[in-house]
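Visitor: If you read the protein sequences in the order shown, they are chains S and R.
Position 109 of the first sequence, counted from 1, bears residue number 109 in this note's numbering, the numbering being contiguous throughout.
Position 118 of the second sequence, counted from 1, bears residue number 118 in this note's numbering, the numbering being contiguous throughout.
If you're looking for bench data, these hints aren't it; they were derived computationally from the structure.
Please note that a few of the clues may not be correct.
[As the list claims (entries may be wrong)] Here are the simulated DSS-like cross-link-like pairs (lysine-lysine), alpha carbons at most 27 Å apart as the crow flies:
hint : chain 1 : residue 1 : chain 2 : residue 2
1    : R       : K129      : S       : K115
2    : S       : K33       : R       : K115
3    : S       : K135      : S       : K24
4    : S       : K115      : S       : K33
5    : R       : K106      : R       : K155
6    : S       : K24       : R       : K73
7    : R       : K151      : R       : K114
8    : R       : K151      : S       : K33
9    : R       : K106      : R       : K129
10   : R       : K77       : S       : K73
11   : R       : K135      : R       : K115
12   : S       : K151      : R       : K151
13   : S       : K114      : R       : K73
14   : R       : K87       : S       : K151
15   : R       : K33       : S       : K77
[To be verified] Selected chain S positions facing chain R (Cβ under 7 Å, derived; list incomplete):
hint : residue
16   : R72
17   : A113
18   : K114
19   : I149
Note that CB positions come from ideal geometry on N, CA and C, so glycine has one too.
Protein chains: 2
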Amino acid sequence: ARPKVGYIYSNKPSYSLVYDYIRKISVEEIMSKPVVVQEDTSIYDAILHLFLNDVGTLFVENNDALVGAISRKDFLKIAMGGTDMHKVPVGIIMTRMPNIVFVDPKDTAYFAAKKIIDHEVDSLPVVEKFINEGKELFKIVGKVSKTNITKIFVKLGENG
Amino acid sequence: ARPKVGYIYSNKPSYSLVYDYIRKISVEEIMSKPVVVQEDTSIYDAILHLFLNDVGTLFVENNDALVGAISRKDFLKIAMGGTDMHKVPVGIIMTRMPNIVFVDPKDTAYFAAKKIIDHEVDSLPVVEKFINEGKELFKIVGKVSKTNITKIFVKLGENG
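This is chain S alone, in the form it adopts within the complex (with noise of 0.2 Å):
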């Protein structure tokens, strides 16, 4: 339901306003550093990773392009069960390109919201695209979670 909203100085509701402001906040203002690691890192060692970094998700890297993606939930469901951790590589129990979702640094931060949001994911990698060899690949550049669109909301709920 459309939220009720006055009418401050206009006939237009100050809603708009805060759409069109909301609406220029770029995904490169507010990502951040994202953790990578490579295909054939044990799952230990990504998790050892994951601590150390305070992240929730790893992005899997393969050749400089962006192959794969874990989460903590990914993890902990692994270490529920019997897989041998400092053998087995991310890899394997990672999910997988094309079915990773991923933003581009121009996009809209509401962009990023809505597809964190639509496929339930806590995090999206921020990728720049690059051709090899007749493929388009993508370079990992950043990453944009539920943590940065909390951040932003925390910094337009403040007094200016």
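Based on the hints, put chain R in the right spot on chain S.
Guide: Frame of chain S; chain R shown alone:
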């Protein structure tokens, strides 16, 4: 840094409208259903609850009062160690009151988001105070997470 804003209808920057608008959203408008387990629930059963309800944090109660919280991150740490998850109850490993950050249903969503960021948690219990035998206790009535905040952000950016 304060974002640059234009002056649209008056000398007051549109940014103030965004600020005013955001400060009117309350916790009770955006909170969702909390997933609660009892203090004597085994770690293993608690993790099942986490997966079945697809949440990142469980709140723990005892005699209808909030006594603790435990996150996916805490569970992953435990699952990596040698703990017998069938025998040890969540009460042993949870973060315990008074170290739980919480909010009231009448608090603003901004206030909740700020607490989430400042205390580096994914989710806060929404509580109502009650008195039992002269002691001030808190009943869990909801939760506010980064997901709830991300959803409001998407709503604010939607074409009304």
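Visitor: Against which earlier hints does the structure fall short, listed by number upward?
Guide: Violated hints (numbers, rising): 1, 3, 6, 14; every other hint is consistent with the structure.
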